[in-house]
Amino acid sequence: MNIINNNTTNNTVNTNNRKNTTSMKTMTTRTKLRTLTLAAAAGLMALASSPVAEAVQYHSHTTFASGLDFHINDGDHHYYAGIQVGDFSKPGVISITNNTIVELIGGSLNIGSACAGFMRVDVSSQLIAPSNEINVRAGDALGLLWIDGGYVNANYFNLDDQNSPGESGHLYITNGGILEVYSSVNLGQQALVSIDLDGLAASGTPSIIIHGDLFINSPGALLEVESGQIYAPGTEFNIMEVFGSGGVDPYLFGPSFVAPVTGQEFLASGDGTNIILTAQAIPEPSTYALIGGVGAVALALLARRRRRG
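Count the sequence shown with my numbering and you get residues 1030 to 1338, in order.
Hints are computed from structural coordinates only; laboratory data are not their basis. Hints may be right or wrong, so weigh each one.
Each computed SDA-like pair below joins lysine to any residue, with the alpha-carbon atoms no more than 25 Å apart [as the list claims (entries may be wrong)]:
no.	residue 1	residue 2
1	1119	1095
2	1119	1089
3	1119	1132
4	1119	1201
5	1119	1085
6	1119	1143
7	1119	1170
8	1119	1088
9	1119	1099
10	1119	1144
11	1119	1151
12	1119	1097
13	1119	1107
14	1119	1108
15	1119	1136
16	1119	1096
17	1119	1092
18	1119	1094
19	1119	1091
20	1119	1100
21	1119	1135
Keep in mind that this is a model prediction, so the values were computed, not measured.
With the sequences and hints as input, model every part of the structure.
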């Protein structure tokens, strides 16, 4: 009986062990399946959330001079072996928009020739020429590069390199756009740089970053600032950084600037590397009235003195 009972017990134990083993195997299989399912789901989610690589297009040297606005807006990465905007007979207009990248891999980008050239780079797009040159006003007609929130870089950047009277080379930076130059920037006689302080305040990044040197070839180069709002006195805007050996004179473009819309004045300062503009208080209307009253009294006294004389 003991033997039978032992066998029965052993059989029961073995049966239970087999059940436990089967159960453990089932749990292990389910765990593996769940892990694989979660991993697969994570992979699919990552794949779905990853950006789709843009298509690549190659172009030979291209001239845009139809007189119409030509849009490069397909979201692709375009490589050009040189670009001419505007030629000897017609103006050229290009807009780079919709997450599109235009890159120079040869030659140079020339905006403006005998006829005007205009190029705009919007907030989602890039114009890059890390080993090449960008010339704005490469001829006698107006050349305009508008960095409207986009990013532009170049090895060399020349603004009005003709140094001749007539139309200007104009760099217009709005909505936090950035121009980054690796070697040097040359500003000619009719060069005009306009910077939107509202966009600069939002981005916090200098509008112009020069890793090499800044050259002013003529004292005629101008800087303008724009702003649609009034800033607290003491608010600072770092509009330009120059890391070259020559640095930058903070008063290069003048000691102060006034935003036309608001009338607020910004004083220039710097540390040899930066040009910083600091917002000034706007006089109260009563102050203007006082100034006007004093002026009127002074004019009356002057007139009286002349009559006596």
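Problem set entry | Broken hints, by number | 5
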